Amino acid sequence: MAPEQPVGIDPRPRNKGDAPRARPPRNTFSWAWVGVVPFFLFAFMFLFMPSVSIFVRSFESVDHTFTFQNILDIFQKSDIRNAYKLSLQVSLVTALGGASFGFLLAYAVTMGGLPKTVRSFMLTFSGVASNFAGVPLAFAFVATMGNAGLVTRIIEGLSGFDIHSGGFSIYNFWGLSIVYMYFQFPLMVLIMAPALDGLRREWREACENLGGSSFHYWRYVALPILAPTLLGTAILLFGNSFGAYATAYAFTGSFLNLVTIVIGAQIQGDVLYNPGLGNAMALGMIVIMSLVMSIYIWSQRRVARWVR
Amino acid sequence: MKRFPVWSWFWFLLGMLYFFIPLVSTFEFSLRMIKGKYTFEAYRVAFEDPRFYQSFGYSLLWAVITIVISLLLVVPTAYWVQLKLPKLRPVVEFITLMPFVVPAVVLTFGLIRLYGHPPILLTNTPAALVAGYVVLSFPYMYRSVDSGLRAVDIRTLTEAAQSLGAGWGTILKDVIFPNLRVALLSGIFLTFAIVMGEFTFAALLAWPAFGPYIEEIGAMRAYTPQAVSVMSFLITWGSIMLIQWLGRGARGAQVQVGGAR
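Line by line, the protein sequences give chains Y and E.
This note's numbering runs 33 ahead of the 1-based position in the first sequence.
This note's numbering runs 328 ahead of the 1-based position in the second sequence.
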């Protein structure tokens, strides 16, 4: 057998003088993937492995034996359950609030009959505000509605009423929700404005030609088309506030026990030091965020049907 | 006759109030350091602190390193996927969305657990921090580059360059990069804006970056934190405005979906 004979393609030996094969052996192995190796290696080391390690160690007890106790603790320990409850509540409220307000704004600047400059102004500011999160945002709201904040003083100056008297505090659930809304609704505006632009005039005309009213148009045409975008964005906003840490930490310190705050405290070794439990809490976040992303990706596929 | 759009103006003005009241308040607050009058005293105090420059410098350095690594990883990958491996596109897209699934605080937790002790000890070097930042930049970088690649006919350009005898290095440097300039700059400035103010990774991995510095002086002083917040906002604002100015006229407004902060 000739040494250059490829192995495993054709077991029959080729003799000298044979005609070349009509169909040369197909090269099934491509080297093209080598170009993406660095990226995948990096993702493997710094995204995949940390996630897997969190998953595996969620089932590890303090003395390194296999256990389900950490997972059960999420549901059974009241402080952890409350942390999840609070995180979910904040995320739900700010996702619904942000989506509603953002939708109204997007509608106002796209189809509401406002001048074009207003629209570009709105979109520019949404771009900035949706990226303005973290510590500076928290301080901005302290300066707005904190004890010596501008809004607090204006209200006091106008009505003589100190909103912070009588035990009222902004460093609670609603205060944090108001802060989160600052980066939530602009994101909705950014995503909804192009989606509303995508509603074609012909659809409305077709609806009107068939005798449909404005209600019919929205109920049977526009909303069904927009529904995946609406759902997808709302779920995105949900995840956005569920995973937020810096804003909440700088705003409330550790007054509010959000899941991210508790995990952060675990890392800094402040409280209830049980690495397995920390892993389980982190795993819980990954599970919830995976659900969120699955719904988001599914909704994006539905959106794609209507986008040309 | 067209009606005056009352409700549209109402919602628009409400939105503008939500945008501007906190910004105006912050600015006003930062001017009130000396009782009874508006001065820039808080800014003077902020600029006097040597740690302001140190932390800012650190963040600047890490932002640059992050951008370089992110570009080196993302650009060839996005290009290669577009050109040769379209089947991998969903996988790469999924990976670049992962920072959303694994929030920064969770990723830090994982990094510390995994690389916080031998055999691979990274948490005592800035490597773990920069790795986290690079991961954080993936969604922004990939989306910018990918939409840039889709806007030009990469395959034809590449084949034209090849038929003129260009090697891969030349193709990337002289053909692909110039065509991607706007997309790359968008990704770069977004990454820059995010890394400069980033708090979670830096604070939990205990690096003296700009984000933790702002948080720290917030606990100690009254008016300087707001002054620094105003500056931080200007960095974000400048970066985003620059991106929008660069991308003017480009097809399809991009919406950036990144990790939560």
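To be clear, the hints were calculated from the coordinates, so they are not data collected in a lab.
Everything numeric in this text was worked out from a predicted model, so none of it was measured.
One thing to keep in mind: the hints can contain errors.
Label-pair ranges, simulated between beta-carbon atoms [as the list claims (entries may be wrong)]:
| # | chain 1 | residue 1 | chain 2 | residue 2 | range |
| --- | --- | --- | --- | --- | --- |
| 1 | Y | Gly190 | E | Leu341 | 20 to 30 angstroms |
| 2 | Y | Phe81 | E | Leu389 | 20 to 30 angstroms |
| 3 | E | Leu513 | Y | Ser246 | 24 to 34 angstroms |
| 4 | E | Pro333 | Y | Phe77 | 18 to 28 angstroms |
| 5 | Y | Thr157 | E | Val392 | 21 to 31 angstroms |
| 6 | E | Pro414 | Y | Ser111 | 15 to 25 angstroms |
| 7 | Y | Ser323 | E | Thr367 | 46 to 56 angstroms |
| 8 | Y | Ser153 | E | Glu421 | 21 to 31 angstroms |
| 9 | Y | Lys110 | E | Asn452 | 30 to 40 angstroms |
| 10 | Y | Leu324 | E | Thr453 | 32 to 42 angstroms |
Covered stretches of chain Y, as calculated for chain E (at least 3 residues, CB under 8 angstroms) [unchecked claim]:
| # | stretch |
| --- | --- |
| 11 | 86-94 |
| 12 | 124-134 |
| 13 | 137-144 |
| 14 | 259-265 |
Chain Y is faced by these chain E residues, among others (derived, beta-carbon under 7 angstroms) [said to hold, decoys possible]:
| # | residue |
| --- | --- |
| 15 | Pro333 |
| 16 | Ser336 |
| 17 | Phe340 |
| 18 | Leu341 |
| 19 | Gln410 |
| 20 | Lys412 |
| 21 | Leu435 |
| 22 | Gly525 |
| 23 | Gly539 |
| 24 | Gly546 |
| 25 | Ser560 |
| 26 | Phe561 |
Idealized CB from N, CA, C, for every residue including glycine.
*CB of Lys110/Y to CB of Asn452/E, is that within 30 to 40 angstroms?*
Between Lys110/Y and Asn452/E, where Cβ atoms are some 32 angstroms apart, the hint holds.
_Given a cut of 7 angstroms on the nearest C-beta pair, is the interface hint for Leu341/E held or broken against chain Y?_
Not OK, violated: Leu341/E not within 7 angstroms of chain Y, min 10 angstroms.
*Should the hint that Leu435/E touches chain Y count as held when the rule is a Cβ pair under 7 angstroms?*
holds (6 angstroms)
*Hint check for Phe77/Y and Pro333/E - Cβ pair distance inside 18 to 28 angstroms*: violated (53 angstroms)
_Between the beta carbons of Thr157/Y and Val392/E, is the distance compatible with 21 to 31 angstroms?_
holds (26 angstroms)
*Would you say the C-beta atoms of Ser323/Y and Thr367/E sit inside 46 to 56 angstroms of each other?*
holds (51 angstroms)
_Range hint 20 to 30 angstroms (beta carbons of Phe81/Y and Leu389/E) holds or violated_ = holds (27 angstroms)
*Could one say that the CB atoms of Gly190/Y and Leu341/E fall in the range 20 to 30 angstroms?*
Holds - the Cβ-Cβ distance for Gly190/Y and Leu341/E, about 22 angstroms, lies within 20 to 30 angstroms.
*With respect to the beta-carbon atoms only, verify the hint that Pro414/E and Ser111/Y lie 15 to 25 angstroms apart.*
Given range 15 to 25 angstroms: violated, Cβ gap about 50 angstroms.
*Under a C-beta cut-off of less than 8 angstroms, do 3 or more residues of the stretch 86-94 of chain Y approach chain E closely enough to confirm the stated coverage?*
holds (count 3)
*Close enough to count: is the Cβ of Gly539/E nearer than 7 angstroms to one in chain Y?*
holds (6 angstroms)
*Can we keep the Lys412/E interface hint, with Cβ of chain Y closer than 7 angstroms?*
Because about 4 angstroms separates Lys412/E from the closest Cβ in chain Y, which is inside the 7 angstroms limit, the hint holds.
In terms of the numbered hints stated before, the structure departs from hints 3, 4, 6, 12, 14, 18 and 19, listed from lowest to highest.
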